Each structure stands twice: as structure tokens, then as C-alpha cells.
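Using the hints, position chain B against chain A.
If you read the protein sequences in the order shown, they are chains A and B. For the first sequence, position 131 matches number 131 in our numbering, and the numbering has no gaps at all. For the second sequence, position 27 matches number 27 in our numbering, and the numbering has no gaps at all.
Simulated from the structure, these hints should not be mistaken for lab results. Heads up, some of the hints might be wrong.
[Claimed, not checked] Partial selection, computed: residues in chain A whose CB lies under 10 Å from chain B:
| id | residue |
| --- | --- |
| 1 | Ala78 |
| 2 | Glu81 |
| 3 | Trp93 |
| 4 | Ala104 |
| 5 | Ser107 |
| 6 | Arg111 |
| 7 | Phe112 |
| 8 | Val116 |
[What the hints assert, rightly or not] Output of the computed footprint for chain A on chain B, the stretches with three or more beta carbons under 8 Å from beta carbons of chain A:
| id | stretch |
| --- | --- |
| 9 | 104-112 |
| 10 | 164-172 |
| 11 | 181-191 |
[Unchecked claim] Quick list of in silico lysine-lysine cross-link-like pairs, DSS-like style, CA-CA up to 25 Å:
| id | chain 1 | residue 1 | chain 2 | residue 2 |
| --- | --- | --- | --- | --- |
| 12 | B | Lys188 | A | Lys96 |
| 13 | B | Lys87 | A | Lys102 |
| 14 | A | Lys113 | B | Lys188 |
| 15 | A | Lys96 | B | Lys177 |
| 16 | A | Lys95 | B | Lys188 |
| 17 | B | Lys185 | A | Lys119 |
| 18 | A | Lys113 | B | Lys87 |
| 19 | A | Lys113 | A | Lys102 |
| 20 | B | Lys177 | A | Lys121 |
| 21 | B | Lys162 | A | Lys101 |
| 22 | B | Lys41 | A | Lys119 |
| 23 | B | Lys127 | A | Lys119 |
| 24 | B | Lys171 | A | Lys102 |
| 25 | A | Lys113 | B | Lys41 |
| 26 | A | Lys23 | A | Lys113 |
| 27 | A | Lys95 | B | Lys185 |
| 28 | B | Lys185 | A | Lys100 |
| 29 | B | Lys36 | A | Lys113 |
| 30 | A | Lys121 | A | Lys102 |
| 31 | B | Lys107 | A | Lys102 |
| 32 | B | Lys87 | A | Lys100 |
| 33 | A | Lys119 | B | Lys177 |
| 34 | B | Lys87 | A | Lys101 |
| 35 | B | Lys150 | A | Lys113 |
| 36 | A | Lys102 | B | Lys188 |
| 37 | B | Lys188 | A | Lys23 |
| 38 | A | Lys121 | B | Lys171 |
| 39 | A | Lys113 | B | Lys24 |
| 40 | B | Lys32 | A | Lys113 |
Keep in mind that this is a model prediction, so the values were computed, not measured. Think of the CB as a built atom: it goes at the ideal place given N, C-alpha and C, for glycine as much as any other residue.
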Amino acid sequence: MVFKRYVEVGRVVLINYGPDAGKLATIIDIVDQNKCLVDGPTNLTGVTRQVIPYGRIALTDLTVKISRNSRQKTLTAAWTEADIQAKWDASSWAKKLSSKKKRAALSDFGRFKVMVARKQKSSIISKKMAEISA
Amino acid sequence: MAPQLKVIGNVGPKKATGAVATGKYYPADDIKTPLKSRKAKKNAPKVRSSITPGTVLILLAGRFRGKRVVALKVLESGLVLVSGPYKVNGVPLRRVSPAYVIATSTKVDVSSVDVSSFTDAYFARAKSSEEEEFFAGDAPKPAIVSDERKADQKKVDAALLKAVESVPMLKAYLGAKFSLRNNDKPHKMIF
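Only chain A is shown next, with the shape it has when bound in the complex (with noise of 0.2 Å):
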């Protein structure tokens, strides 16, 4: 089994419990193989320079160029141009999250408008099946 994603200094996660639960960071240093130096950058994703456990994170495609332990302003930077927030909302994981929200939020009249969405939807596509078919 070939691994993709390593865990490297630069490797974007997305940080799966604790307080800072379901926001974006960058492996800025490795501490040993439980845990690792994670920093937002604070400005842009709202995450604080912190060690953190392998554990609570979750390793993305994502990665920015930069060297070990380096500063917020390297960091910064290095993030505004790689583009790694609309790179990351245009990627299918990061809108599964958002309509995953969305739907919990829905009051019961948007449940009901989404029961009738999805049985129009199927209705069209039972319909071209029953086409296709025939």
C-alpha cells in the first residue's frame, strides 16, 4: 500500500477535535511520532501556533513551501500565494463539510423543501431511465 499524503513540515490538516475543531493548519515542525508543531497561519485560519497529536488531525493534498519552524509572516505569505483557501473550497472533501453543516442548520420548512427537491430530482431520472430502457 503506497502512502500519498506525508506528514512534512508544510502539509496542510485539518484539525478533526478540540476547540479548533474543523479549521485548517500547516505542520510547521515535527516534535516525535505522536505529536507535531502546527501554526493557521492565526490571521487567516484562526488556529494558534500549538503542538498537536497526529491523532486529532487529518492530512489534506494540500502543502505550502516552506522551511522548518518558520515565522507567522513566512507562513503568511507562503499561503496567500499558493491560494490554499480556494484551493481547499473548491475541493469535493471541503464542500461535503459545508453541506453537511448547511443541512443541520435547516429549520423543519427546509427539511421539507429539501424532501421536495430530492423527490423531483429522482422523479427526472427515473423518467430518463424508463427512456433509456425501453
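Showing chain B alone in chain A's frame:
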């Protein structure tokens, strides 16, 4: 209740009968203050802040359980006056207890609906004598809806339907019944 302090001398406004502006006067006999009434005082009914005129409610119990209904007014007894509208889901002008209701965050604009004439007295049951009821037995009595009720229903629903139809899909929403499905987590659902 702290006892009333009697003021001697020149302090404060004079309560004495025939208040003369003479400084050192105070009445020789005690001024009788009426005893505090022990009758229960009636305050305005307190109902959840989420239930306001125009809120869509989900009825949880009673004949119309599961129906989505528009709240029109909070009556003096604390019950909520509600209407389907009747044409949409069969719920007439009715009183409903706020304890058996889920208030959704959906609101309808009911400023054009006039419900000022409806009070608890309007819904009070007609008094039938004990003898009549005793002789009638336990057979279910046919529900007779008075013409007055029908006319009032038409009047209120005319304005209410207009408000409902102005919002897309709201009429179909009110016509549909609420129920819990598999994977629904009511404690996590936002209404």
C-alpha cells in the same frame, strides 16, 4: 411585609385628610390603610417567546397531532388560538395548549388577519342539562358546527390564505404532516 413607618414632623408630602399646609400637624388617630388583598391576581398569560402570532406550530397531541398549523393569537387563558388554515389541512379555528406544541422558526405575516373578536368565551362549550346528558347515554354525539363558526373560519382564512400563498411552498408545507423518520435525531434537529 414591612410595617408602614409613621413619619412624625415635616418630612414628605402630607397624607392627612384636609391637607392644610401647617407644618407641625399630624393626625391624632391612625390613618387606616386597607389590608392587602389575598385574592389571586390575574396577570397576562406567559407563553414561550418562540410562540408569536404567525409562527408555524407542529401539534404533538390531540385530534390533529402531526399537523402543521399557524398560530394567530395567545388567549387570556394561556392557550394559543390556531388555524390550519382549514382549507389546507382541516384544522379549524381552535385553541391549543402551548405545552403540546413545537414552535418552528418559520413565521407567516398575519398582520392583515383580524382575530380581535376571538376570546376564551367564544370557545366555551354550550351548557346542556345533566338529565339530557344522562338519558342520551354514551353514544358519540354528531359534531355540529354552527354557522357562526363557519362564517368566522371563512373570514379569518381568507386573509390567512393570502399570507400563506405569498410564500413559495408554504401551502404544501402546511398541508403535509410531521413525523419522525429513521435516522432523525430530534434532540439535534433545529425546528
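Status of each hint after checking the structure:
1. Ala78: Constraint on alanine 78/A not satisfied, violated at 39 Å.
2. Glu81: violated (40 Å)
3. Trp93: violated (22 Å)
4. Ala104: holds (7 Å)
5. Ser107: holds (5 Å)
6. Arg111: holds (8 Å)
7. Phe112: holds (5 Å)
8. Val116: holds (7 Å)
9. 104-112: holds (count 3)
10. 164-172: Held - the stretch 164-172 of chain B has 3 residues with a Cβ nearer than 8 Å to chain A, which meets the minimum of three.
11. 181-191: holds (count 4)
12. Lys188/B to Lys96/A: holds (19 Å)
13. Lys87/B to Lys102/A: The given pair, whose Cα atoms are some 33 Å apart, is violated under the 25 Å limit.
14. Lys113/A to Lys188/B: This hinted pair holds, its Cα atoms lying about 19 Å apart.
15. Lys96/A to Lys177/B: Judged against 25 Å, a Cα distance of about 30 Å means the pair is violated.
16. Lys95/A to Lys188/B: holds (22 Å)
17. Lys185/B to Lys119/A: holds (22 Å)
18. Lys113/A to Lys87/B: holds (21 Å)
19. Lys113/A to Lys102/A: Roughly 13 Å separates the two Cα atoms, so the pair holds.
20. Lys177/B to Lys121/A: Holds, at roughly 22 Å.
21. Lys162/B to Lys101/A: violated (34 Å)
22. Lys41/B to Lys119/A: It is violated: about 54 Å lies between the C-alpha atoms, which goes past 25 Å.
23. Lys127/B to Lys119/A: Violated, because 50 Å separates the two Cα atoms, which is more than 25 Å.
24. Lys171/B to Lys102/A: holds (24 Å)
25. Lys113/A to Lys41/B: violated (46 Å)
26. Lys23/A to Lys113/A: At roughly 30 Å apart (the allowed maximum being 25 Å), lysine 113/A and lysine 23/A break the hint.
27. Lys95/A to Lys185/B: holds (23 Å)
28. Lys185/B to Lys100/A: Holds, at roughly 15 Å.
29. Lys36/B to Lys113/A: violated (57 Å)
30. Lys121/A to Lys102/A: holds (19 Å)
31. Lys107/B to Lys102/A: holds (20 Å)
32. Lys87/B to Lys100/A: violated (36 Å)
33. Lys119/A to Lys177/B: holds (17 Å)
34. Lys87/B to Lys101/A: violated (36 Å)
35. Lys150/B to Lys113/A: The given pair, whose Cα atoms are some 32 Å apart, is violated under the 25 Å limit.
36. Lys102/A to Lys188/B: Holds - the C-alpha atoms of lysine 188/B and lysine 102/A are around 13 Å apart, at most 25 Å.
37. Lys188/B to Lys23/A: holds (22 Å)
38. Lys121/A to Lys171/B: Holds - the C-alpha atoms of lysine 171/B and lysine 121/A are around 21 Å apart, at most 25 Å.
39. Lys113/A to Lys24/B: violated (79 Å)
40. Lys32/B to Lys113/A: violated (68 Å)
The structure shown violates the earlier hints numbered 1, 2, 3, 13, 15, 21, 22, 23, 25, 26, 29, 32, 34, 35, 39 and 40.
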